[in-house]
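Chain by chain, the residues run as shown.
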Amino acid sequence: MKNQEEIERQIDETVGALEGMERAEPRSFFYTRLEAKMDISGMQQRYLIIPKFMARPTFVWSFLALVVLLNVGVVLRFSQKTVSEPQNASSFAKEYGLNTLDSNL
Amino acid sequence: MDEKQFITDLQKGSQSAFRHLVDTFQNKVFNTVLSIVQNAEEAEDVSQEVFIEIFESVGKFKGEAKLSTWIYRIATNKAIEHHRRKKASKRFAFLTSLFGENDEIVHHPADFEHPGILLENKERAKLLFKHINQLTDNQKVAFTLCNIEGLNYQEISDVMQLSMSSVESLLFRAKTNLRKTLKEFYVNQII
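Residue numbers (the working numbering), protein chains in the order written: chain U, 144 to 248; chain S, 433 to 623.
Misleading hints may appear alongside valid ones.
[What the hints assert, rightly or not] Below, a sample of chain U positions facing chain S; criterion: calculated Cβ distance under 10 angstroms:
hint	residue
1	146
2	155
3	156
4	157
5	165
6	168
7	177
8	180
9	212
10	238
11	239
Just so you know, these hints were derived from the structure itself, not from any lab.
Nothing here was measured: the structure is a model prediction, and the numbers come from that model.
Heads up, the beta-carbon is just placed ideally off N, CA and C, and yes, glycines get one too.
Starting from the given sequences, assemble the full structure and let the hints guide the process.
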């Protein structure tokens, strides 16, 4: 019985522990930190503004495949052009009379 | 300043109006969020999210409720959302700990100490907040708004968008559950 009363007293005191409490305040310069966070999230949002279809994996992978194919194409084309380079160089020299310079020396 | 004019300024994107809003409500928002989240750093993050949400959605605010009611609603929703996420991650951490990862800090966080509690009540308040954390989300919100923020039943029913009788019932159940769990605690302590 005495225990029961003691338990009830403890409960009442614990439930009443919030009496007289003051409001908690955030750390100083809350607004400054908030402004910084808003700038960051604003920047992130600006970067996220892309059409929805562009964010689809199928579009991304197709786009990447196209880029790779274009690169391969460019590389192949350049490697073919280098074969004819000496010919081009001699015709260029002829046109500008560079061969005569060599013979003079 | 007239509230309607103030809301119009906010909707126009006035920075000074937004600053005034933050200055006016930062303590109310932080205190509410802190009492639900029970961690000062997380409460600050959530409070910032609350003000970002206010800034982004003030254009949709039609003035059907009071500005403070709307802000309390956003604050409690964000805090509860965070609380749920935290609970879910704790559950996941418990599972990972079964496989040998060390999650002691996650599993046994230090007891929450509200900075506004009187010194002589600190220990009891710690215990009380631990038990408040065991209430259901709605009971926790109603209890926090009533006993920590000091809102009346009508204001709580506006914030929670529930009838007055539902709020009364929530608060009654919250107090009953708190007394029940505290009784179990003290029975084990005393006997």
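Taking 10 angstroms as the limit, does the beta-carbon of residue 165/U come near enough to a beta-carbon in chain S? holds (4 angstroms)
May I ask you to test the interface hint for residue 146/U with respect to chain S, counting a Cβ-Cβ separation under 10 angstroms as satisfied? With a closest approach of 6 angstroms, the residue 146/U hint holds.
Interface hint for residue 177/U, Cβ within 10 angstroms of any Cβ on chain S: Holds, because the Cβ-Cβ distance from residue 177/U to chain S comes to roughly 5 angstroms (cut-off 10 angstroms).
Verify the interface restraint on residue 212/U: the C-beta must sit less than 10 angstroms from at least one C-beta of chain S. violated (42 angstroms)
Under the criterion of a CB-CB separation shorter than 10 angstroms, is residue 157/U in contact with chain S as hinted? holds (5 angstroms)
Min Cβ distance, residue 180/U to chain S: is it shorter than 10 angstroms? Nearest chain S Cβ about 5 angstroms off; hint holds.
Have a go at the residue 238/U hint: is there a Cβ in chain S nearer than 10 angstroms to its own Cβ? violated (66 angstroms)
Under 10 angstroms, Cβ to Cβ, is where residue 168/U needs to be relative to chain S, so tell me if that hint holds or is violated. holds (5 angstroms)
Hint validation: residue 239/U versus chain S, beta carbon distance must be below 10 angstroms. Holds or violated? Status violated, d = 65 angstroms.
Can you verify the interface hint for residue 155/U: is its Cβ closer than 10 angstroms to any Cβ in chain S? Since chain S brings a Cβ to about 9 angstroms from residue 155/U, closer than 10 angstroms, the hint holds.
Just to be careful: measuring from the Cβ of residue 156/U to every Cβ in chain S, is the smallest value less than 10 angstroms? For residue 156/U, the interface hint holds, since the closest Cβ of chain S sits about 6 angstroms away, which is under 10 angstroms.
Checked against the numbered hints above, the structure breaks hints 9, 10, 11 and satisfies the rest.
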